[in-house]
Each structure stands twice: as C-alpha cells, then as structure tokens.
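Enquirer: Assemble the dimeric complex from its two separately framed chains, guided by the hints.
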Amino acid sequence: MGQAMKNKELELYIHIPFCVRKCQYCDFLSFPAGEDVHSAYVDALLREIAYYGPHCFEYTVTTVYIGGGTPSWLREEAIEAVMKAVRRCFVVSPYAEISIECNPGTLTERKFAVYREAGINRLSIGMQSTDDVQLKHLGRIHTFDQFLRTYETARAWGFENINVDLMNALPRQTVEDCIRSVRQVADLGAEHISVYTLMIEKGTPFYDLYKFDAVKQHAGMKPVALPSEDDLYRMTKVTEQILKEAGYVHYEVSNFARRGYECRHNIGYWERDNYLGLGLGAASLMENIRYGNTRELYAYIGGTEKIKEVVVHNEVTEDRGEGEFTYLDAVPATNLHVSAERITRKAQIEEFMFLGLRMIEGISRQKFERAFGVPIEAVYYEVLTKLQEEELLMKRAGRVYLSEKGQDLSNYALAQFLL
Amino acid sequence: MAVEQSKIRNFCIIAHIDHGKSTLADRIIESTGTLTSREMQAQVLDNMELERERGITIKSQAVRIIYKAKDGEEYIFNLIDTPGHVDFNYEVSRSLAACDGAILVVDAAQGVEAQTLANVYLALDHDLDIMPVINKIDLPGAQPDEVVQEIEDVIGIEAEEAPRISAKTGLNVDQVLEQIVEKIPAPSGDVSAPLKALIFDALYDSYKGVIVFCRIREGSVRVGDPIRMMATGATSEVTEVGYFGAGQFIPCDELSAGMVGYLCASIKNVGDTRVGDTVTNSARPCSEPLPGYKKVNPMVYCGVYPADSARYPDLRDALEKLQVNDASLQFEPETSLALGFGFRCGFLGLLHLEIIQERLEREFALDLVTTAPGVIYKVYKTDGSMIELTNPSNLPDPSEIAYMEEPVVSAEIMVTSDYVGSIMTLCQERRGVYISMEYIEATRALIKYDLPLNEIIYDFFDALKSRSRGYASFDYELKGYVRSELVRLDILINREQVDALSFIVFKDNAYERGRRMCERLKEEIPRHLFEIPIQAAVGGRVIARETVKAMRKDVLAKCYGGDISRKRKLLEKQKEGKKRMRQVGSVEIPQEAFMSVLKLDED
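Residue numbers (the working numbering), protein chains in the order written: chain S, 1 to 419; chain L, 1 to 603.
In isolation and in its complexed conformation, chain L is listed as follows (with noise of 0.2 Å):
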C-alpha cells in the first residue's frame, strides 16, 4: 500500500495549557470518521487515565486520519498531541521532530500566553511551518481581531488567515482541515534509500515487548527487515509494523519515508531503545544517524522509596519501564538509614515528579515514601575539585567546601498589570532578581525575573496561580549557576539524625526554614510513650526546637454485651497504623512526615 508522500501531512498541535489543543484534536478525528461519535469520549488523545483526570497532555500521542479534501484528494494526516506543561518541553521537542509543520491554538479571549511562545520558538527550532488557529471564539471574552494582531506583533507569523473555530462545538474546524493540507508540507525523503527512521516515542507492552514510536526519514521498513539501533547498538528482528489508529495500533505492510508508525521487534531489554536513536536496516544501513535530540536534564531531585521495603525490585522494575517513554527520568540506587534501599530520581520539574509518582503508584500499585525535592548544586572544595550533588547527604564536611553554587533560572511571567504588585512580591521573597517588565497589552504585562531554582520547585506555581487569581502564566528555563550561601539543614529526632529529612536551603532562610519544619513534624509524628525532642540544626548548631509531648493516656472503653468485635477492631487499626511508619531510633515517623518539607509554605 504505497502513499504518495503528497498526500501525506505530519503535524502537532502546539498551544498554552488549557486553550483548547486536545478538544481540537478530538474534532479533528471525530469529523474525518476516524471514530464513530459513539466511540468518540472526550479528548481521545489523553489516553492515560492520569491525563483525563488532570486534564492536561502529559505524554505525546499520534494518530492517522484520513481526510478526503475539497480537491477531491484523500490525505493521511499523522496528528501528533503534545504537552502543554513547561515541565514538558522535552516531550514537545520530541513530538515535533517527528513533523513537518504545527498547528499553532490561541485562545481568543486570552491570547499569546508565555508557554505559546516557548513552544513556538521550540517549533521554529525544527524547522516546522506554523499555522495559526483562533480557538473558543464562542466566550463571551473572545477578542479574535485583537488575538490575530497579537500573533502578528508577537510572534511575528502571518495570522490574518487564521480559522477562527470553537473545537469544543465544532464551529469552522473544517477550515482547519482544508488548511491543514493547503500549508503544512508534505514529507520528503528518498523511499528507495537505506532505511533511516528516527525514534520519538516508545512504550513497553508486556506481549510485544518494546513498541517503538517513528517517523520513517528515508527508506521503508516492512516485517521481517534486520534493523538495528544505531546509538545502542541492539539488533533485532521487525515483527510487526503499523501506524496509529485512535487508541490503538493498527498493523500495515509497510512503512516507508514520509509515514509516521510504530515497529515491534521482539525487543525485550528495555534499555536498548532510547527515544532520540536512529533506526536503520542492519543488512543495507544508512551512513549517519539523524541529529536525534537534544538531551534533557532532570532539574529536579529526589528520594523514591517504596514503602513496603520488599518492594523495593518491583519499583525498580517499575522506574525501568517508565524509563522507555520518558528518557527524562533518571535514576539511580541510594540507601537511607531512615527508609531503608531506593533510588535517586531525577525529573524535570515538579509536576514531572507528581506524574512519575502517580504513575508508580497506580499503573504499578507501588506504595512509595518521596523525600524532599532538590536541585543539583555545585560543590567547589578546597582542594579544587567539584562535586554536583543531588542528595543533600553527600554533602561534604563544611571545612573541604570552598563555595557553592545553585541553579538560577530565568523566568518569564505574564499577567495581568492587576497582580503586577502581589507576583513582583512574591518573587522577591523567593530571592528573584528583577530582570524587567514590558507591557505587551495596556492590561497585561510580561515580567521577567531570575530566580533560584530550589525557590521554585515546591509550591510556587501554586503560589502563582492564587496570587494572581490564576491569570498569572510561568514559564523558565535554565540560566546557569551562580555563587549562594547554602547550608544544609539536618533534623534530629530524639536527638538522632534523620538523613531523608536533611535539605539543603539559603543560608539566611534556614532559622525560618527550620523552624516551620519542626512545628510541621510536630504535627505529623504521633505521640510516643516518651517525650521526642524534634530539633533543626545546621552544621551540629541547634537553631529551632519542638517537643512531641508523651502519651499519658489511651483506654478503650467499655464492652458492648459481649461484642469484642469492636474492641479487636479499634486494637487492629492502631496496630495497622503502625504499618505506615519508619522506625528510626526509637521513634516511629509516619511516612507522610517525610513530604513534610513540601508543605512548609501551606496555611
């Protein structure tokens, strides 16, 4: 079944969270007849349950439509959902390598929002034409004239043209489609060269092994081909071949230069497919791999533990898996005094870490204990070398460090001038350095600031959403590290050292750090038979204290005519209670204690 690469559209659609990416891919499929109304449930793209929930893209999807045109033309469009989240970005970069040209939303009654341009400029960078549509017209808000002059000004991109539709009633979205084959281009590439196919997606499935997500550059694959990852190294065998129906894969002959599909090949080890690597035909290989993609660092650290120590190789087994999709995931084995062997994972921001948190625990029923999220510092000792730490244990003794340095961001906030004040606020409070504002609209302005990362990591998106009654939007990226006072808070227990509640914190922040941490164990740490000093120090100098007072008194009472069944039953629940909790010393920590730290700046 060979297609004409003219015939062929590969495309995303790039848009700021909430204005409205999914419910326009939903449309597009639902009037192409890719699905029947009556399979058709809302945002058929979100395909994990943790997506729906939240409502946001989190993993990229594909799908391929069938679109008969106004030229009378029938077209296979490869649609590519993307993430909307800043913490995604690496997501998107992979989705849009993997197309020829994006399909730009902006919502009309907000317009360009930071997180449009960012993804904007991450399209740019592919080289990917853009096409720009005005969604949710149908508000009341809606200002589509403003909007289109907007992107004009903004972005710079023609915009006059723009469909301006409401995916939620369907309102023009035949336009888009009409669109969609009149400006995005069609693949190129040579079918009958070398097979040249690069990964941007993968995931494991238990019967097929490793699925690989592709876009075939140059050449076609078809089953039975050797191939053989270019980067591992790993060969195998094709056995199945195929591309993307909605919410499920649909097995073809072939794939050739131009398509976009997936490949199975008994792939067992999941470590030997990396989303980035190129595949080729391991008996007639190309000369040079595809540029693959730029490598995303986790920003982000922290302790994962399983809660039940015995499960401590399925969560492994767990991290592995998860690892095949989202290469952005790192992690590492580390031992705890506190909570016993887990891993070291690195993330790219902390709704990366959430989402890899939830997915453990409900795709693979893990039980996990989180320590308090860091960054990476630099480390510069005495005797010249460097260290990057990520796990505040391994802090070296204060007497070897001669500096440190922590990550500083450069972020960009739009708002509205309403909540100018209250963000300018609260950015100085997390030790931002004003960088400058513009006014992109007489009511909205863009503010620019360079914060610490450890500032933002916990709670200041939140943080950014009340402040600015949610119209604040927040996007940053890495600026590079500078100089900073910083000591590492230690929590004792009983007068004992608690490594998993250790962190690392601005100097000048640390009493207050310390002291807001104590009365939050306070809370969290049931009281004893004894009393339990909860102390913060910082390099063995007590600076705040709490006492958990000792339990006095717990009687059950009387007996109901025999029934014991509830005495054994209120016995059994303490007991169960138990379960939940570390053992360090003496002192049982329930395991929620441990993400106290995250809670510091609540209430």
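Isolated chain S, as found in the complex (with noise of 0.2 Å):
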C-alpha cells in the first residue's frame, strides 16, 4: 500500500448552491439563502468531505472545482474550512489546479487573500456580458464597471490564472454589440475565457419571455428580440475570429484559453476522467458509475449527520445503468444519492464520443480502442463515413474531430453517435 497505489487521478467537485439573487436566465440548482443556512450547508459539506475523502485513499486529486451558484459569496471561511477538510482528508497534487466560481459584488480583498491561502490558484468570474443594459436585463447583480475592479484586484492579489465567462445570443443583441464585447474581453488579457450561447431553459423567467423566440431562432425564422440563427452564426465567427487573433487558442466548443491554461477540470469531464461531486445535487463518475446526490437542501444537510451505505433503487431505464447497487468498486452508494447506475458499454462507449468530441482536437483512436478493446471503425464506421461525407468530420494523424461546420452543427453530429 502507500505511495505505490496513489497513481489513480480525481477530480472534486464541490457545490455550493447559494446566490444573492436568481439571474433571469438560470436553471442552475442556485438559490437565495440566508447566513444560518450557508453555515449549516459548509458543515454538511465539511462532513461529507470526511466521510468520502477515506474511500478514495488510491486517488490523487488533481483538480478542484468549487462551482455554484456564487461561492464568492459566501464567508471567506467557510471556503478556507472547506479547502482545509479537501486537504486534510484527500490526497492533494501540490499541482493541481484549483478554481472558483465567483462574481462581482461579492468580492472583498480579504476573500481574495483568503482564497490565495487556501491554495485556490484559478478564478472563474462571470462577467457574462459588457453592457450595463444587458447586464441589467439578465438579473445580474454587478455592473461591467464593478466586473473591471474584481478584475483588477484579482491580478493585484496575485491571481494568473483567470476565466471570464461571457454569453452571446443575448436578447436585442446585434453583431456589432457583440464583436464590441468580444473586443473588450480579449483587451483584459485573461488567461481562459469561456463563450456561451444563451439557452433559453424551462423554468426561468427567460423561458416565459423567450420561449417563442427561442423556437423561432431554432426553426431558422425570425425571431423578435432573439437574434436570428444567421446572426447567431456570425457572432459565433466573429468571436472564434477575434479571439483566434489575440492569441487565444479555441480548445472546447464553448472555451478559449491561453496556451497551457485550458481548464484542466473541465476536460476531465470531457475525457470522462474519475470525479467525485459533493454538495447538493452534485454529479460523480467514479470508475464508470454515475451518482448523483440529492437536490433537496435539507434531505442533504440532514444526511450527511449520518452518512451510510444504502441499496440506492434506480429507475430501470433499458441499455443503462442496472436496479440497485450496495457496495462500489470506488466509492459506496450513500444516502444522500439519489441514482448510483453502472454505465453500461454501450454508454460509455456514446460518452466517449459525444463529450470527447467537444474538444476541438476531438478523440484519439488509440485511446478508443484501450478503453473498449475494438477500433473506433468496428462501432462507427457508418456514421464517421456519413458524417464525413456531410463534411462535418476529419479524421488526421490517430485523431478523430469536427470540422469547423461540425463545431456548428454539433448537436446534429453528435446525436449521430448514440448507439
């Protein structure tokens, strides 16, 4: 035992389900809370931490991502406790890289200190737009002008690792407002900078405003406030465009990054490497078995008092997953998981193609055929020669990836690998 064995690799999640106030466009699992609660949740996530850090003794974790919600909005020590527990009960790379989701307004200089002491070595800011309007519009909490000054202290506190996340297709966006932002983001400077297209989701009141438009935009006709699908189309060109010419290197279809800063932990879940979720609603996938934690904040808090091995009852679904598990090869079933499922082949195989293909240097054959014994042609031949032909796939030096067409289209592309 020992050393020895540490030479398998993880990746933390932990989630922290709290924000100020809802954005109008958010069906993340984020809600307002109040300290009391903030404080009962980082105990529960401390003991969770506790309890699964022993079972993952053969693991080195090499990435931590503290997601939400707005992490930065809690108090500077309960992220310090929580880094603490990660490092007291889980073996830590001295490299890994470790983020945390923050945004402005919610930032102090001691947070930011804080933050440096713990080890956090990565900040991800959502900006998500440079226009006070739109800003305004989407229920954010900050100005781009209070985004400006967050940024700036994190580079004065030290910080050289920074995301900015950006969306486009906002609602009475033109090409031109967003060439203008684009600009201005790739000006910052940051290391990462990740570009979204706002997806109009159930549930939020976007949903009630945009629903129509959003289907319009779909459908390729013209929406009212929604810019169009060709509109859509340039501004995605034109962003892959101006960031390609300040340097950035276009690495996943949504993310942009300075060469030797992609993210790490979001490639682990492009590449399905072993990550464990903790906190509410949080996903894992340990050794191809999916969990998923519960999504009700007290059934967690309450939980986690007593953390124990269940028989977690999933829904039989045909081709996936199997009824019932008790004891995993990696981790236990628990009872705080709502669904603990065996990825079948089959699965694993369809994952493997429609998460690693978002990368743009898509999948390696090799490595294909060393996870399931077979090359790459014996399970897809027809449809890598369809989507070939269809000029949305190439196929050079051991690697299979989209063209710049597929990148576009890739919700057609990838649907194609479902077996």
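Note that these hints are calculated values from the structure, not bench results.
C-beta atoms are modelled at their ideal positions from N, C-alpha and C, and glycine is treated no differently.
Hints should not be assumed to be uniformly reliable.
Under 7 Å between C-beta atoms, here's a sample of chain S residues computed to sit facing chain L [said to hold, decoys possible]: (1) Tyr412; (2) Ala415; (3) Leu419.
DEER-style ranges, computed between Cβ atoms [unchecked claim]: (4) S/Glu404 x L/Met581: 50 to 58 Å; (5) S/Val311 x L/Leu337: 49 to 57 Å; (6) S/Tyr298 x L/Glu531: 52 to 60 Å; (7) L/Glu363 x S/Val133: 56 to 64 Å; (8) S/Val37 x L/Gly340: 55 to 63 Å; (9) L/Met581 x S/Met221: 14 to 22 Å; (10) L/Ala310 x S/Val37: 51 to 59 Å.
Expert: And the structure:
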C-alpha cells in the first residue's frame, strides 16, 4: 500500500448552491439563502468530505472546482474550512488546479487573500456581458465597471489564471454589440474565456419571455428579440476570429484559452476522468459508475449527519445501468444519493464520443481502442463515413474530430453517436 | 323459452345528430330496469371509447329490454341504436333491416333537419312504421307545436300524438314506452320454417371467434345446429346463441323467428362472415336468401401505412378485423417509394376515415401515416378503355388520357336565413353548381347544390359549421360523374418526386393548391445540412417553389458541473425525432407532412 497505489487521478467538484439573487436565465441548482443556512450547509459539506476522503485513498486529486451558485458569496472562512478539509481528507497533488467561481459584487480584498492562502490558483469570474443594460436585463447583480474592479483586484492579489464568462445571443444583441464586447474581453488579457450561447431554459423567467423566440431561432425563422440563427452564426464566427487573433486557442466548443491555460477540470469531464461531486445535487463519475446527490437541501444537510451505505434504487432504463447497488468498486452508494448506475459499455462508448468530440482536437483512436478493445470503425464505421461525407468530421494523425462546420452543428453531429 | 311474436317489438331510433337519440335510448333502458342506475353510465349504447368521447354513435348496437306495459303484459323490446352521421348511412340501413319500426326523434328547438329526412326515407325504404317523438321540450327555445306541424308538412307523417318528452330529465318517457307497444308492429315469420336469419352486424372476439348479430326472419336456431352462410358458403356448428344485455351478451337456448340476437359458431376466418348475408340451417336450408343490403361503395380513398414498416402484417390483421363489422371499409395492398408497404383504403367519407384511423391507433396500438384522401376518378384513355383511379400515382401519362371524370354529389344544406349568403359563397368557392333554394320556414332554408366530391372530402363540413356558427346541417348523396379538367399535382422535395404527396386537383386550382402545399411543407420539413427546394409541379412543369434553408448553428450549451445526463437527454431527443421521419432521397420528412394537404385551408 502507500505511495505506489496512489497513481489514480481524481477531480473534485464542490457545489455551493447559494446566490444573492437568481438570474433571469438561470436554471442551475442555486437559490438565495440566509447566513445560518450557509453555515449549516458548509458543516454538511465538511462531513461529506470527511466521509468520502478515506474511500478515495487510492486516488490523487488533480483538480478541485468550487462551483455554484456563487461560491464567492460565502464568508471567506467557509471556503477556507472547505479547502482545509479537502487537503486533510484527500491526497491533493501539489500541482492541482484549484478553481473557484466568483461574481463581481460579492468579493472583498480579504476574500482574495484567503483564497490565495487556501491554495486556490484559478478564478472563474461570471462577467456574462460588458453592457450594463444587458447585465441588468439578465438579472445580474453587478455592472461592467464592478467586474473590471474585481478583475483588477484579483490581478493585484496575484491570481495568474483567470477565466471570464461571456454570453452571446442575448435578447436584442446585434452582431456589432457582440463584436464590441468580445474585443473588450480580449483586451483584458484573461488566460481563459468561456463563451456561451444564451439558452432559454424551462422554468426560468426568460423562458416565459422568449420561449417562442427560441423556437423561431432554432427553426431558422425570424425571432423578435433573440438574434436570428444567421446572426448567431455570425456572432460565433466573429468571436472565434477575434479571440484567435488575440492569441487564444479554441480548445473546446465553448472555451478559449492561452496555451497551457486550458481548464483541466473541464477537460476531465469531456475525457470521462473520475470525478467526485460533493454537495447538493452534485454528480460523480467513479470508475464508470455515475452517482447523483439529492437535490433537496434539507435532505442533504440532514443526510450528512449520519452518512451510511444504502441500496440505491434506480429507475431501470433499457441498456443503461442496473437496478440497484450496494457496494461499488470505488466509493459506496450512500443515503445522500438519489441515483447510482453502472454505465453500460454501450453508454460508455457513446459518452466517449459525444463528450470527447466537444474538444476541438477530438478523440484519440488509440484511446478508444484501449478503452473498448475494438477499433473505432468497428462501432462507428457508418456514422464516421456519413459525417465525413457531410463534411462535419475529419480524421487525421490518429485523431477524429469535428470540422468547423461540425462544431457549428455539433448537436446534430453528436446525436449520430448514440447507438 | 318460447316467446310469442306478438310480445316482441324490434325497433330502432333514428334522429339527426345531437337530437338526443342516445339519451332517449339510455332512458328507455333505464326506466325498464334493464340496468340498475348504479350500472347506468351516460349513453350505455355507445360502447366504443371513441363513441363516448365524440358523443356520436358509429357502430350499431343492440339491447334487449323487458317492459311491463299498462295492459299487464310483458313485452320484449329489441332496441337497435343507429349512427346519425351522414357517413354512416350504410350502418343505419343495416340496422333498419333488423327492425319492424322506428322511433323518429326530433329536437323541439331545431325541428326537422336534413339528416332527419335522410333517415326517414331510409326507414320508409325498409317498410318500417315510423313513430315520431318530440325531444328536448325542456329547452328554452322549444317549439313543440311548430315541430309537430313541420313533421306533418315536411315528412308527411301523422305527428299529433307524438310524445313530447325530455330524454334528459326522463319527462314523459313512459308515453314513449306505451306507444312502442301500440304503434310498432310485432314481427311475423314462420317459426317452423327452415332457418333464415339476416346478419346485420358482427364483431370479432379473440375467445369466441366471430360473433354474428342477426335477426331471425323464419325458423329457429339453437346450440349444435349446423349452419351455413349462404353467400360465402362457409359452414360450421353453432356453439352459442343469445341476446343482447346492456353492454353484454346473455346466452339463451334458442332464437326463433321475430327475435334479434347473436350466434357464435367458432368462425375463425373473419372473411367467412359478411354483414347482409343470410344464415340458414345446412341440414334443412331455406330455398332463397334474404335480399340483404344494397352494397355501399367507398367514396374516399387514401393510403394507410404503418409508421414502423415492420408492423405491416399487424396493420393488415387489424384492417381485416375491423372489416368484419364494417363491410364498407375496403383495402388493398399498395407500395409507395416514400412510405414503403401499406394499403389503399376506401371509406364512406372523411369522418369514417378518421374513425377507422383512430380505431386502428387505439384498439390495435398502431402508429399510422396516411396520405391525402382522394376520390375515385374515371380516366378515359385514348384507346377507348376506362380506369377507375383511386391512387394518384397510377394516373396514366397525359398523352394516353382522352378525358377524365370526377364524382359529383347532390348536397342538401339546411341553414338559418342569416347564413344563407356565406354558405352559398362557400359552395361557389368549392365549384358548386346551384340547384335550388326553398324556405322551409320563415327563418330556415334548404339549399341544394351539386358539388364535386373532392371539394368536400377534406374540410367542407368544418368550413360549413364555422361559417354558419354551427347552424348549418349537411347531407349528400352521390349523383354521378361529370367530365372535368383535372391534373395531378406532384411535389418534388430536393428535386425528387415524392409519390405519397401527389394528388389530383381541378386544373384551375392547381397553382393555388401547389403554392399552399409548398408553404405548408416548408413549415413541416426540418432544416437539414443543405438547402432543400420544395416544388409543386404539374406534368413536369414547376408551378410553385419554396426553400428550406440549410441549418447553420445547432450547439449544446455548457456542462452542469459534470452532470451529463441533460446532454444525453437532449441528444436522445434529437435522435428520437429522427425515428419519426421518412427518408426520401437524402431528405428526412416528418410523418405529419404527408397529411399536409388536409391542412391547406386552415388559417
């Protein structure tokens, strides 16, 4: 036992489900809550960390991602305590990428100081737009100016790996608006930029406002407020062009980075590395078993008081997962889980493809063969041929990847890989 | 259990749709105690789920009731319910053949309607005695005296003694029961003669085989008797006879002349039983079969295909089973390049088509794709021969066609005077030829038009109802064929002709229909990776075009902290959508698109 065994890698995701105010478009698991709830939640998180740590003694943690919600809204002591617990209970690599999501308007100098002290070396700042009118309409709690101050303060505190989130395809946004804001972001010089298209999700205020527009946009008709599909297309093209010229590498459908600053944590998701999700509603993938934590706050908090192994009953779906589990190879299913399923070989293959192909460099044939014991053509000959004929997919140097057109139509292309 | 013929009354109820036929039937059944009120559900006779939902009667149903009359005697009533819609005249006619009299229900507020007349004439054709009843006298707009007058004037039958009732509340229903005894004649027929029974309906039961509904005209039948179907020649042995309880079959020892009931004879082959055929005893046969029914020919045709081509045998099986008790349904196999193997089916009308389609989907769990309905065209070729065209794809080359004829119906539309103008406009738009108009009352007119059948099969009924705020009623019968300028409109998707989308259209309407069809298809066909031209063409000449633009952007959003199940669901949804598509060349066409032509006149 000992050092020699610790060759398996693990990513940790820690969910903080609280935010000052729910944004108009947001359907993430997050909500406002008082400070007493914050501290009860953090205590629960600490108990969950303490429980799982020992189960993962064979793994070395290579990335930690504290996401939300708005983790930066919590008192700095809470983040400090969480990070201390992680280091105490898990083996964390000295080179680990440790990120936290933060929002302008929730940060203080002291928070930056504590984050640095806790070993956090990457910040992901939710800017979303450079236009104050848009920020207000989105329901954000900050202005562009506030974002700039946050960004500069972070730099002043020595953060050298910063991501900025930007959304495009906002209501009433023109291609020119988009160009202007992408330029502004490029000029900042952040190491990493995530550019997402606004999605109109069910259950959000934006859904009520823009659901018809979203359908029109998707059908190629003329929406009222949302940009048309043609404009959306132009927006993504100019975004890619501007960021490329500014020296960024487009490495994943929605992500750009300076070379060497690609987000290792997110790449882990696309490459199906092991990850352990901690906190409310968090998802885990451990040795091809997928777990989901409860999404009920009090069930979660109460459940951590006495974490115990249980049989998790899943809805049995055809071709996917088995009915129930007691003890699983890596970590046990517990009373915190509402789902636990062993991913079938078929689903593993599908995921390998539709997640892996989100990476601009695509997937490695060799890796496919190593994972599944057959060449990729043995499973996907027809699909690959068809997508190549449609000019959506390319093969080169032992890799299979989406063409530029394939990236634009990734939804269509990736769906072909479902068996 | 021999029943004296004088104690039997076989009758049906005829009425215009919505005049309360089924409600009256329910009241009669209820007040004679055939069902306890606990068992009583609204509209007992409308058995099929579909009938209850739509509130209409599609299939004839029969029920036996025991009534103790004021004269102290017990009578057996065999009540046979009949459909009211114009498409189901054929069913009505079948039911009438099993009866000796008919109750005519007329709505006290609406009076005599076109359908009322049609059914009365049918009943008179069968030599039935007609007993009028004025229903819905509890309604505020009820004018029973006027309606009595109208029945006497328009129909020409004596109506002074007609019971004035409310089937809904049960008011005066007892008078109806007494009059059934008094006014409906008892059956006649020699009980000792050889068996002669008319099949008026049948249904398929997976345990008993075919259940034959029959009216015994002469002789008797009991379990163990050898029987023969006179038209098909099929023979078998009777395994069960019985009569109709409300919603159930009640076995008995024997059915004899004058009675209405059912028999089973382990008939497995559904084709052996034909409604209208005569059943006799094969050991002691009767000399001649009963006249049977006038064969009704389908007027509307369309292609019916299983959405999942592997279920073609199931579809054939289902159609065969439906045909057992719906002889008017016709079908023969056909193949379409776009839709694969299916059937060209013939229907009495569009409602009949819809009913069959829904029954196939519900009762047999089939997912169907149907093509645009059409009528039978007569194509006279230059070589002097004539073909009856039911599938547009089979239209000969124009150079071989001398001329074509299309079916025309005589339509009678009854409408309140306020809407006469808009209804006449509608008929003109549908290439109608005005015949006459007469005012039946000061406020109601009967308009007669000759209309091409293909103009009324899609949505004429709906258009009529909407332009008259629901006040118009409509009846039609086939008048004959007239020469007409007709062309086949072809649809090309991505430059490939899609056979299942072709239809025959009046030449002058081709441009407009083609244009709307292209517009409609543009909405139905999802975008592909390439641009798709949609063209309408007549004889190789393109007359309308639309384009489905190529898809440019279709991307999934961000990852939710490693929760990939949402991503998978989105992709699965995308893939699932594909399954409901038909591949034509390189284009995937949703199944709904094949029904597009039906929706041309919407919005």
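Enquirer: Going through the earlier hints one by one, which of them does the structure break, listed in rising order?
Expert: The structure breaks hints 3, 4; every other hint is satisfied.
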